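Novice: The lines below spell out each chain.
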Amino acid sequence: MIKTPAWIQIERRPSPSGWTVFAISVVAILLALIVAGLFFQFYGVSALRAYGDIIKGAFGSRLGLTETVRRMIPLLVIGVGLTVAFRALFWNIGAEGQLLMGAVVASGIALFSGLPDPLLIPAMFLGAFAAGALWGIGPAILKAKLGINDVITTLMLNYVAIYVVHWLILGPWKGPTMRGFPYTDKFPTAAFLPMLGGTRIHLPTLAIGLAGALVLYFVVKKTRVGFEIRVVGENPDAAKYAGISQTKITVLAMVISGGLAGVAGVGEVAGVHHMLLNPSSIALSYGYTAIIVAWLARRNPLAVILTSFLFGVIMRGGDVIKISLGLPFQLVNVFNGLILFFLIGSEVLIRYRIRFGTVKETS
Amino acid sequence: MSWESWLISTISRTLAYGTPLLLATLGEIYAERSGVLNLGVEGMMIVGALTGFAVAGKTGNPWLGVLAAGVVSGVFSLIHAFASVTLRANQVVSGLALTMLGLGLSGVIGRAYEGRPLMNTLDEISIPLLEKIPVLGPAIFQDQSPLVYVGIIMAILLWFVLFKTRIGISIRAVGEDPATADSLGINVSRVRYLCVMVGGVLAGIAGAYLSVAYRPSWTDGMTAGMGWIVIALTIFAFWNPISGMFGAYFFAALFVLSFRLQAWLSPELLKAMPYLLAIVVLIVVSRGTLQKRMGAPSALSLPYTRGED
Amino acid sequence: MASKESVPLAVQLSGIVKRFPGVVANDGVSLIVARGEIHCLLGENGAGKTTLMRILYGLYQPDDGEIFLHGKPIRIPSPRAALDHRIGMVHQHFHLVPTLSVEENIVLGLSEGTGPFLRFKKTRQKLRRLADEYGLDVDPTAKIWQLTVGQQQRVEILKALYRDADILIMDEPTSVLTPQEVDALFGTLRTLVEAGLTIIFITHKLDEVMEISNRVTVLRKGKAVATVNTDESSKAELARLMVGREVVFRVEKKPPQLGEKILHVEDLHALNDRGLPALRGMSFDLSGGEILGVAGVSGNGQHELSEVLTGLRKATKGKAILGAHDLTQCSARTIADLGVAHVPTERIRVGTVPSMSVRENLILKSYRSREFCKWSILDERAAHENACRAIKEYEISAPHDGTPVGNLSGGNIQRLVLARELSGSPKFVVAAHPTYGLDVGATEQVRVVLLAQRDRGAGILLISEDLDEVFQISDRVLVIYEGQVMGIVRAEEANLEEIGLMMAGSYRQAVAE
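Protein chains in written order, with our numbering: chain A, 1 to 363; chain B, 1 to 309; chain C, 1 to 513.
Simulated from the structure, these hints should not be mistaken for lab results.
Computed from a predicted structure; not experimentally measured.
By construction, the Cβ of each residue, glycine as well, lies at the ideal position given by its N, Cα and C atoms.
The list that follows gives simulated cross-link-like pairs (lysine-lysine, DSSO-like), each with its CA atoms no further than 27 angstroms apart:
| no. | chain 1 | residue 1 | chain 2 | residue 2 |
| --- | --- | --- | --- | --- |
| 1 | B | 164 | C | 121 |
| 2 | C | 427 | C | 254 |
| 3 | A | 248 | C | 374 |
| 4 | A | 248 | C | 314 |
| 5 | C | 427 | A | 240 |
| 6 | C | 374 | A | 222 |
| 7 | A | 145 | C | 314 |
| 8 | A | 240 | C | 319 |
| 9 | A | 221 | C | 374 |
| 10 | B | 164 | C | 122 |
Label-pair ranges, simulated between beta-carbon atoms:
| no. | chain 1 | residue 1 | chain 2 | residue 2 | range |
| --- | --- | --- | --- | --- | --- |
| 11 | B | 115 | A | 17 | 48 to 56 angstroms |
| 12 | C | 337 | A | 55 | 55 to 63 angstroms |
| 13 | A | 117 | B | 267 | 32 to 40 angstroms |
| 14 | C | 371 | A | 37 | 56 to 64 angstroms |
| 15 | B | 10 | A | 324 | 44 to 52 angstroms |
| 16 | B | 152 | A | 37 | 42 to 50 angstroms |
Please put together the full structure from these sequences, using the hints given.
Specialist: Shown next, in the form of C-alpha cells:
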C-alpha cells in the first residue's frame, strides 16, 4: 500500500462578502505587525515596548494624535485619487512624482506669482492640481494609445520629478536668504495654509481629502462616468464593445489621481515646510505608501479615510521610535513592506479557498 | 586632457558604472523571461550592497562579501517568488513590497555600518598583454574591477543558456505559454522560482559591487534608483542578455557623460535623462508591430494555474 | 462491451469523481478502452469529456476513483507522469509555444541525450523517421506561428509520438480543420492504430463517431451513460443517448417575409490581430426579415467580419452601408445607436462584465439614454425595473438583479446578452456563435428568439460553426473562406457536399439573391 501525500487544492471563491474581506485584512495586518515585532526582538528592542511607544505616541496625547492626522493628510488625499486610477485599471505608481510636481508649481506661485494675498492659496491649489494631473496624463495617454506599461512610465517620472526639484533648489530657485542651504526662500505668510488651532494640521488639504472621499465614492457608485470607469476597469474588452472610450476614461482617472497627488504636495510645502526643499523631505514616500492605503481600502474612497489613518499611525510610529528607541525612520518601510506582503497574501485567501485533499491510498 | 585620454577614461568609467546595471539587468531578464515581473530589483540590490559590505568588513575578504550578497539577495528574492508564483499575488504590488522591505531593512540594520571604512576592498586588476593594446587596452583591460569581466562573461553565458540549451527553451516556454510547458512535464513553478532567484543573486552581486568595489562604503539608499533603471533596461534590451549588455553600457555612458557636460547642463537634469530616455525607448519600441516576435514574454506577470486556460 | 473482454485493456477508469466549485464535472465515470482501438468519447459541451481526459493526462487530480493502465493501478500526478506512462494528449487549443521552432517545441521538457546542450541532428533523424512512417511532414526549423492550423496539429501528434506515446488522446481535433484536413487526419489516425496505438477521441459530432471509432462511450452531465460498439449503433441512438431524449432537429420556421434591403456590404477588407489580411473583398446584401447564415471553418474571417460591422475593428477598404451610414466610418457607439445589435463570439469575455450585477450588465449599452441616466446620475430604479422585465421575459434565472453576472450559468449569460441586445428592437443583428456551449434547451430558446426577431423584420447575420444550426434557421447561407465569399445559397436548396467543398476553398458558386 502506498500512501500518497495530501494535496493542497486551491479553488476560486465566487464572491466574498464585505465582512470576509474586512476580517481577512485585519488578520493580515496583525500578522504583519507580529512579524515586525519579531524583527524588533531580533534587533534587540522589546517589541512590546516599541508598540507601546507607538500607541502612546500616536494616540496618547493631543500632540500625538494631531501629528498622526498630519501624517494621514497626504496619504488620504493621494489614496482617494489612487482608488479611481486603480478602478480604471491604471497602475499609478507615480503619485510620488505627481506630489512633487504639485509642490513645485505651488512653490512657484507662492514665491514668484505676485498674486494678491487672498488669491494666493486658491491659485496654489489649482496650479498644483493641474501640475499633478499633467504629470499623470502623459503615462495615461501612452498606455491608452500605444499600450506602454503604466507601471514603468509612472515610476520613471518619479525620478524625473525628484531631479527637477533638486535642480530648482540647487539652481534657479535657491533661496538667497537661506545661507547656501538647498532650499527656496520661505513663502510669504499669505501662502501659509490655515491650521487647526495650535496644531500642524493644515485644514484645506484635510478638507479636500475628506470631501474627495465622499464625492468620489458617489461618483464611482452612482454616476454615468463612474459606471464607465468601473466597466473599463473590470473588463476593458466589454468597455470597447459597449463603445466606451478607454482613452478618455484612463485620462480622466489620471487627471483625478495625479491632480489629487499634486494637491497633497501643496499641503506639504504650504502647510508643513513653508518652502520647497529636498524631495525626500517633502515626499517621504507618501506616494508609495498611499498605494498600500488605496489597495487596503479595496479601491473604496470612503474606506481610504480609515486606511490612511492607520498608515498615519505607522508613520507617526516611525517618528516616535526614532526618538524613543533611536531606530531610523526607514523602519516605516519595513512595516509597509511587511503589511503589503501579508495583504497580497491575504488576497489569495479572499479570491481562493484553500482545501486540503484527502490522503489517498493505492493498493 | 587629450582627446585620446578623454576617450579612454570615458570608456573605462562607463564599464565601471555599467557593471551593476548589467548584472542586475541580466537577472531581471531571466525573471521576466520566465514570466515573473520583479519590481523588487532596487530592494534586492540594496540588500546585496549592505550584505556585501558587512561580510567583506567582518571577514576581511571582499570576495566572500560578494558571494554572501548573492546568497542573501537570492534568498530575499524568494519572498517575491513565493508571493507571485505560489500565492499568485499581484506581481506589481509584490515587487514594490520587496523594494520597500529591502530599503527598510537595510536602512535599519545598516545604520551601524554608516560611515565605516572598508579595509579590504575588491581590488582592480589589469589583464596582461591585452592591456597593451593602444586605446582599447587602457580603456577596457586596465585597472578594472574583476566584476566588470564577470558581468561580460555572464552576459554571454546567460545568452547561450537562454537560446542554445534545453534549460533555456524551458524558461522561454514557461514565460511564453506556461500551460504548454506544464503539459510537457516542465515544472512551471520550479522554473519561475529558479529564474526569480537568478535575478535575486545577480541583483545582490550588483549591489555588492557598489559597496565593495565601486565606492567601497555603505550609505543608506546608496543604490539611488538604479534598480528602476534596470526595469527599463530589461525592456530596452528586448529580454536578450547580449542586448542587455549594450543597453547597460549605453545608459552608463549617458551617466558618465552627464558629469562631463556639466558646463552646459546642470547635472541634476542630466541625471534625470536615463529615466526620460527609458520612456522614449518604450515609445519607440511600441511602434514596432514586431514587439512580440522580439521577445516580450506573453505570460509576463500572469500567474499560472493548472487547468485554467 | 461483452464481446471485447478477451482483448487486452489499455485504459480502465473506474468511478472517477471530479468536483469544481458548484459543479460535479465527473460523477463516478467508468471507462474501458481496449488496446489498439479508436474509442470515441461522445457528449455535448460540458458533459465532462475533457475533464475526464485531463484527469487521465494528469492535469487534474480526481476527487475519487481509480485509474488502471494495462491492468495495473496507477496514479497520474502530473502530465509528466502521464508521458512516462506513454500517454499523450493533443489538446483542443494546441499546446505549442508560438515563438519557438517545431523542433524546439518537440524537445521541450525532454531530458534525452547527454547534458544540457541541444543536438538537433538526432531529433531531426527521429522526426524524419516518424514523418515517413505516418505521413506527418513538417519543416522542423519553422516557427510555430508560421504554420497552418493543420500543420500545427501534426506537430502536436509528432510531439506525442516522439515521446513514444502508445495511448493518444485527441480532444475535439476536427473543430479547426477543413473537411479535407479532417480526411487526412483520419487517415493518420488509422495508420497509428494499425501500428498498435490506442486512440481516445473526444468529439460531439456524430458523423465523426460513425466514421472513425470502433467503440463509443457517451457522457451526459458528468456521467457515462453507455458504451456501445459503433457498428452496432446508429446516429439516432447515439444522439438520444447524448442529449437524453429524442432530438427534434427542427425549429418551427415560417417562410420569410422579406423587407427592404437594409445592409449593403461591398469589397470589404480588414486585417486580423496579427496584421495579416483577414477579410479580402467581401460583398453581400441583407434584407430585413431575413437570416443570413455565415458558414465556414473557424478562423476564416468570421470574427473579423462581425467586428468590422459593429465598429470594433477598422476596415482597410470597402464599405458597409446601413441606411444613410457607412458602418466602416462609425464608432462602436454610433453603430449601436443606429440600431445594430451585437451578440459577440465571446459572450463572457467581451459581452459582459462578470464582476458587475445583472442589472448593470443589462444597461451596458443604454446607460447613457434618458431612460437610465438623468443629469449624469444613473437612475437605479429604472435600471431595476428594466432588469425585472428582462429577467421575466427572457427567463434569466438569477437569484436577484444584483447578482454578479459571473455567477450565472452560460445559458443565462447568453439570455442576458440577448435580452440587452434585442431590447431596442434593432434593425440589424450580428449574432456570433449564439448557441456555442449551451445545453439543448437553451440552444432551442436562443434559436426561437432569433427567428422571432427575423419575423419582426430585423435583418440577422448569423455566424456559426455549427452547420446544422446555420441550415436550420438561416434563409440564405454565405460560405466564407479566407475572408472571401465562396458563394451564397438558399438554405433549402443547399447541398452539403458543395458547402463542404466551398468551406475548403475548392469550389466557388454564384451568389443567390
